[in-house]
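Chemist: For the sequence shown, counting from 1, position 131 maps to 131 in the UniProt record's numbering; every step adds exactly one.
Simulated from the structure, these hints should not be mistaken for lab results. Worth double-checking, as some hints may not be accurate.
[What the hints assert, rightly or not] Within a straight-line C-alpha distance of at most 25 Å, the following computed SDA-like cross-link-like pairs (lysine to any residue) qualify:
#: 1; residue 1: Lys-209; residue 2: Leu-235
#: 2; residue 1: Lys-7; residue 2: Val-53
#: 3; residue 1: Lys-224; residue 2: Gln-176
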Amino acid sequence: MPWNKIKRFLQTKIAQIGVFLLMLFIFVSNFLLWHLPIESLINATILALIVFVLYLLSSYFRWEKREEVLLDLKHELADLSEKLVERERHIRETEDILKVWSHQMKIPLAAIDLMAQTEINPTELKNQTFALDNYLKMLLEYQRISNISTDFRFERFSVALVMRDLLKKYSSFFIQKNLSVTLSGDWEVVTDRKWLALALEQLLNNAIKYTNEGSLTITIEENKIELSDTGIGILPEDLPRIFEHGFTGYNGRGHYKASGLGLYLAKLIFDRLDFEIGISSDVGRGTKVEVKKDER
Numbered sequence: 001m002p003w004n005k006i007k008r009f010l011q012t013k014i015a016q017i018g019v020f021l022l023m024l025f026i027f028v029s030n031f032l033l034w035h036l037p038i039e040s041l042i043n044a045t046i047l048a049l050i051v052f053v054l055y056l057l058s059s060y061f062r063w064e065k066r067e068e069v070l071l072d073l074k075h076e077l078a079d080l081s082e083k084l085v086e087r088e089r090h091i092r093e094t095e096d097i098l099k100v101w102s103h104q105m106k107i108p109l110a111a112i113d114l115m116a117q118t119e120i121n122p123t124e125l126k127n128q129t130f131a132l133d134n135y136l137k138m139l140l141e142y143q144r145i146s147n148i149s150t151d152f153r154f155e156r157f158s159v160a161l162v163m164r165d166l167l168k169k170y171s172s173f174f175i176q177k178n179l180s181v182t183l184s185g186d187w188e189v190v191t192d193r194k195w196l197a198l199a200l201e202q203l204l205n206n207a208i209k210y211t212n213e214g215s216l217t218i219t220i221e222e223n224k225i226e227l228s229d230t231g232i233g234i235l236p237e238d239l240p241r242i243f244e245h246g247f248t249g250y251n252g253r254g255h256y257k258a259s260g261l262g263l264y265l266a267k268l269i270f271d272r273l274d275f276e277i278g279i280s281s282d283v284g285r286g287t288k289v290e291v292k293k294d295e296r
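Please build the complete structure, drawing on both the sequences and the hints.
Modeler: Written as structure tokens, this is what we have:
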């Protein structure tokens, strides 16, 4: 029995110990006043001490069980409190994201409505429909990835093949902006293919969105994916906050398609899949994104 536990137990029994000592004092005093045999005094005192020690031992084991139950309850309460705080944070975060998302949905809807009233531009209509589909997909996938019970399917696949599919999906935007794209290398990674593709799509979408001329270079090697663009870049003071939901930064605020959700969703996915993401940028010269597998 650790001394600290015994000390705490004895502190709860101070009153009983005090009463016992008082009764023992009265008992001994009576023996001495009446000049009773000393052997009887010693025997009676020893018997009283044995009974009281047995009582204390019995009380200690009951107290120890109660302490264990209370400790378990405290841990459960702490876990519940933590989950409640996390749940409240998630609710607030979801509400904020829904506000940003609903605002972003208005832009392509307004553009489509304007085209319906005037002259329909097939290319622009396709772009706005693509944007609507992208925003809707982003919200749905955010709801799923935010749920800790999301079922991942880990498999070995080629990152280069995933990137080629994404480049094909966004090919019309490269043509429209006259951007050149280079893809080199490969990496046979073991992770969830769908979620990794979604995270990489957010990076690719951002690169196209903020690059008006020049190129996008994608280099893939063992344990690293690197995307470098020649876009408008990110201010140094904005870099620490780029993964916050709803944050668009100074350059992003000047872009009508900026939602501040893409990088947040990408970071959320990479964290769930145990990947690390880092971004460096020079304003006016471009941005470089590095994605690595967290081997810790």
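Chemist: Now look at each hint and say whether the structure bears it out.
Modeler: Do the hints match the structure? See the list:
1. Annotation: proposed proximity of Lys-209 to Leu-235 holds, straight-line Cα distance about 16 Å (limit 25 Å).
2. Only pairs whose Cα atoms come within 25 Å are accepted, and Lys-7 paired with Val-53 is accepted, the gap being roughly 15 Å.
3. Annotation: proposed proximity of Lys-224 to Gln-176 is violated, straight-line Cα distance about 29 Å (limit 25 Å).
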